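Q: For this one, chain A is given, so just place chain X on it according to the hints.
If you're matching them up, the sequences are chains A and X in order.
Its first residue numbered 1, the first sequence is counted upward by one per residue in the numbering used here.
Its first residue numbered 1, the second sequence is counted upward by one per residue in the numbering used here.
It should be emphasised that the hints constitute simulated quantities derived from the structure, not laboratory data.
Worth double-checking, as some hints may not be accurate.
Partial pick of chain A residues on the chain X-facing surface, computed with a CB cut under 8 Å [unchecked claim]:
| no. | residue |
| --- | --- |
| 1 | 41 |
| 2 | 59 |
| 3 | 69 |
Model, not experiment: these values are computed from the prediction.
For every residue, glycine included, the Cβ atom is placed at its ideal position computed from N, Cα and C.
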Amino acid sequence: MVRTIVLIAVAGFLAACATPSSQEGASQDYGQYQDGTDHPAVKMLFGQADDAAQAGNWSAALTYLDQARRIEPRNPYVLYRQAKAYAAAGDSARARQLLERARVFANEDDEMLSYLLYELEFQL
Amino acid sequence: MSGKPTNKPTEKKAASKKSMPKKSVPKKSVTDKKTGKPPRKQGTENPGVAKPRRWKATLFGLFSVLLVVFAAWLIYLDAEVRRAFDGKKWALPAKVYARPLALYPGLLLSPEQLQAELQWSDYRQSATADRPGTYQRVGNTWRIYRRGFPFWDGPEPSRIIEVTLRSERVEKVSDQQSAQALVRLEPQYIGGIFPVHNEDRELVRLEDVPPVLVAALIITEDKRFFEHWGISPTGIARAMVANVNAGRMVQGGSTLTQQLVKNFFLTNERSLSRKVQEAFMSLLLELHYDKEEILEAYINEVYLGQSGRRSIHGFGLASRFYFGKPLRELDNAEIATLVGLVKGASFYNPRRNPQRSKDRRDLILGLMAENQVITEAESLRAKRSPLLTASPKRAGQREYPAFLELAKQQLQQDYRLQDLQSEGLRIFTTLDPWVQSAVESSAEAHLSSIETRAPRLKGKLETAAVITSVDGGEIRALLGGRDASFFGFNRALNAKRAVGSLAKPAVYLAALRSGNYHWGTLVDDSPVTVEGQDGSLWQPKNYDKKSHGMLPMQETLQRSLNQATARLGMTVGLEKVVDELVRIGIRDDLTPYPSLLLGAMSLSPFEMTQMYQTIASEGFLMPLRTIDAVTTAEGDMLSSYAIRGQQVYDPVTMEWLTSGLKAVVREGTARRLNDLPQPLAGKTGTSDEQRDAWYAGFDNRHLGVIWVGMDDNTPMPFTGSSGALPIWQESFRRMGTEPLAPSRSLIEIPVNPQGQLLEDGCSGKVYAFPASWQAQDRIACESGVQSIGKGIRSWFERLF
Numbered sequence: 001m002v003r004t005i006v007l008i009a010v011a012g013f014l015a016a017c018a019t020p021s022s023q024e025g026a027s028q029d030y031g032q033y034q035d036g037t038d039h040p041a042v043k044m045l046f047g048q049a050d051d052a053a054q055a056g057n058w059s060a061a062l063t064y065l066d067q068a069r070r071i072e073p074r075n076p077y078v079l080y081r082q083a084k085a086y087a088a089a090g091d092s093a094r095a096r097q098l099l100e101r102a103r104v105f106a107n108e109d110d111e112m113l114s115y116l117l118y119e120l121e122f123q124l
Numbered sequence: 001m002s003g004k005p006t007n008k009p010t011e012k013k014a015a016s017k018k019s020m021p022k023k024s025v026p027k028k029s030v031t032d033k034k035t036g037k038p039p040r041k042q043g044t045e046n047p048g049v050a051k052p053r054r055w056k057a058t059l060f061g062l063f064s065v066l067l068v069v070f071a072a073w074l075i076y077l078d079a080e081v082r083r084a085f086d087g088k089k090w091a092l093p094a095k096v097y098a099r100p101l102a103l104y105p106g107l108l109l110s111p112e113q114l115q116a117e118l119q120w121s122d123y124r125q126s127a128t129a130d131r132p133g134t135y136q137r138v139g140n141t142w143r144i145y146r147r148g149f150p151f152w153d154g155p156e157p158s159r160i161i162e163v164t165l166r167s168e169r170v171e172k173v174s175d176q177q178s179a180q181a182l183v184r185l186e187p188q189y190i191g192g193i194f195p196v197h198n199e200d201r202e203l204v205r206l207e208d209v210p211p212v213l214v215a216a217l218i219i220t221e222d223k224r225f226f227e228h229w230g231i232s233p234t235g236i237a238r239a240m241v242a243n244v245n246a247g248r249m250v251q252g253g254s255t256l257t258q259q260l261v262k263n264f265f266l267t268n269e270r271s272l273s274r275k276v277q278e279a280f281m282s283l284l285l286e287l288h289y290d291k292e293e294i295l296e297a298y299i300n301e302v303y304l305g306q307s308g309r310r311s312i313h314g315f316g317l318a319s320r321f322y323f324g325k326p327l328r329e330l331d332n333a334e335i336a337t338l339v340g341l342v343k344g345a346s347f348y349n350p351r352r353n354p355q356r357s358k359d360r361r362d363l364i365l366g367l368m369a370e371n372q373v374i375t376e377a378e379s380l381r382a383k384r385s386p387l388l389t390a391s392p393k394r395a396g397q398r399e400y401p402a403f404l405e406l407a408k409q410q411l412q413q414d415y416r417l418q419d420l421q422s423e424g425l426r427i428f429t430t431l432d433p434w435v436q437s438a439v440e441s442s443a444e445a446h447l448s449s450i451e452t453r454a455p456r457l458k459g460k461l462e463t464a465a466v467i468t469s470v471d472g473g474e475i476r477a478l479l480g481g482r483d484a485s486f487f488g489f490n491r492a493l494n495a496k497r498a499v500g501s502l503a504k505p506a507v508y509l510a511a512l513r514s515g516n517y518h519w520g521t522l523v524d525d526s527p528v529t530v531e532g533q534d535g536s537l538w539q540p541k542n543y544d545k546k547s548h549g550m551l552p553m554q555e556t557l558q559r560s561l562n563q564a565t566a567r568l569g570m571t572v573g574l575e576k577v578v579d580e581l582v583r584i585g586i587r588d589d590l591t592p593y594p595s596l597l598l599g600a601m602s603l604s605p606f607e608m609t610q611m612y613q614t615i616a617s618e619g620f621l622m623p624l625r626t627i628d629a630v631t632t633a634e635g636d637m638l639s640s641y642a643i644r645g646q647q648v649y650d651p652v653t654m655e656w657l658t659s660g661l662k663a664v665v666r667e668g669t670a671r672r673l674n675d676l677p678q679p680l681a682g683k684t685g686t687s688d689e690q691r692d693a694w695y696a697g698f699d700n701r702h703l704g705v706i707w708v709g710m711d712d713n714t715p716m717p718f719t720g721s722s723g724a725l726p727i728w729q730e731s732f733r734r735m736g737t738e739p740l741a742p743s744r745s746l747i748e749i750p751v752n753p754q755g756q757l758l759e760d761g762c763s764g765k766v767y768a769f770p771a772s773w774q775a776q777d778r779i780a781c782e783s784g785v786q787s788i789g790k791g792i793r794s795w796f797e798r799l800f
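Bound conformation, chain A alone:
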């Protein structure tokens, strides 16, 4: 219970700091977890996904991200970004599934995951 309250508080704080959630805002959010990888190929694909997302081309962003996932299938940050892109494209059910999947590989106290789940829950 205490843990849940702390989580919600942290999430709320992060949400307050976050940029507004317009589509443009959603793509800007990427910057917060830009460095979720050390893999040069995955970084490159993240960059391509960012460019596509900024142009509002979510389906292109998603194909770059899934290519990144094939290279680092257990990197939660790849899954975060995929979830984020699905949420932005209007598929929040799939976004939630991917965040649940990311939980398998994320650290137990991963604040980013809590934030993203919170964001999804309240449709920020």
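A: Relative to chain A, chain X alone:
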């Protein structure tokens, strides 16, 4: 692929179209405006002259009627010709591609794989690698001139890349300027989704066709093409003389236009009426369309070969099919070989009838020189060159029927079959040709070796295999039967076979999840009798016909003991086991009979893959998919598919279950895998009376499920571990094996022979446990027999 040819009529042609009906419409007859009847002419009452006049009138009437009928027929033909030609949209089959090979530092990649992938993609080794489609190898470094390719996420131009391998991995990828993070080779073509007649073609525009080819075609097939109006009376006369002399049809006087009309609109029937119709249609075609349009249509339409069920139409595809390169890269000898095929694609097939094909080629080269299409010297040089065709092993020379069947099924969830057959869509799939090749060759090698030892089995053994990626559920290979090129019964999808011990992990999963068992818990492997719902008694036996008494649960799994598993399943509860099977991904109706515990249910290899996929991926139930993306013929993305699924199990539970499956490989029925990098996980399976041999197992990257059996269900003289496991072993050896990653969440706790948890550091067999078991009461090292608190004792004792 080239774009569609422009065969829409120009304005000029539209004007000529309008003038056409005027010519065909009979002249208007003059009628009496009041009665609508022809006016009586003077003198018709004279009986003396009435007869011949009436006769003439009748003749005139008859003639008029015939004229009208003829005109109507011409109008009909004209409409047919224009409708077909204007609206001519060749049904372009969807082109299906394998996954592109993504090269990045760290990728597991053997030199053999890179070499094979280049060969399959039609790359040629050359000393300089100075044009697209060539490569050069110096030691561990490959310099590859990659071709340009329209990927689903955008086109990429051709470029030179260098790949360095070290210790079976990519060490470095660079282009001419700098190191590169990621470069893709273009994917291999693996088949098409063809319309009923299985016609395949690659459209080309006339301007992309080498002028030498056009000239060679014309001088060989229809020298007066640019002069005649669709038919050539001299050609017909010549053919008639030849036919009369021979007493049968030996020669056709057909122009290119007539040949096109025949292919386009008519059947192969050889009759006078069809000939007449063909002649008129040719004239009409020439009336409406210019020579270039007709030629372009011909070049795309003509039949030039057969590859299994796929018929090769047009020079564009024929060039790729026979020589592995686009039309504009053909040399004179290759052009002459292709033109030679027009007369008889099968008769002059350069692979099956090389001498005949070479003679025809040389004849055409001679004609080309005679007509100044090429010089005499060029002709002689070309004649001296061998009749080389590209390797029949390369991509596009074979299909992957089992995989294509599944891909087609999955595509039809989003696309109409008709569109898949005609719109020239480009389908990017998950197939990994290297993995597919490894499985095909391993299966064939193993089955052949069994047959050598047991000749009575020759030709009777069948197999099926599914290989997927552990984390994404992408299908990397699918084997529907022993003959990988057979379009027919796909055992991987449709053979429902008894799964035997492959189902056992569900029993152990139910036990682990009950909270009452761990891998060191003692389980009783002794004769057991269970009464079924219908009152029948079920008494399972072990493979060795013996009972082994009290054993740690892990050992009963790794030895695949039937009596212990049945007892365990009944103790945990049949319904609980069925629940796990459903939750893990088995969608078949499962009747909860006790024999289900030992796999008395019939499922396909594909369905079994689904079950093990959930285990291998630590609890993520995901659809097994074949499609990555679909684009239009022009390269615009229509859909892309990425990971989807649901986390149906706590990953810790799945890791715990996997630790038992690792023991199966480490010291159990699959220990013959010990010569591969460890750890690996898996389970052997053998159905009643050894009718089915199975193995399902995974490394860090791939999951593979292999089945071996006979279509008529005859028992075999071997089990899962000797029938199916060796195929898995050899496949993974060839593919490259990556050991399973260390557990993230399990801890190790020593357990005494009574199944009690000991304190850390005590001597006892160590088993994997979820971290939550850390806090369980344990007993001290010295008092191993003492039972305390919630210590886990053998539950079965009081239950059975």
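Q: Look at each hint and say if it fits the structure.
A: Okay, the hints, checked on the actual structure:
1. 41: holds, 4 Å
2. 59: Holds. Min distance 6 Å.
3. 69: This interface hint holds because 6 Å falls under the 8 Å limit.
Checked against the numbered hints given earlier, the structure satisfies every one of them.
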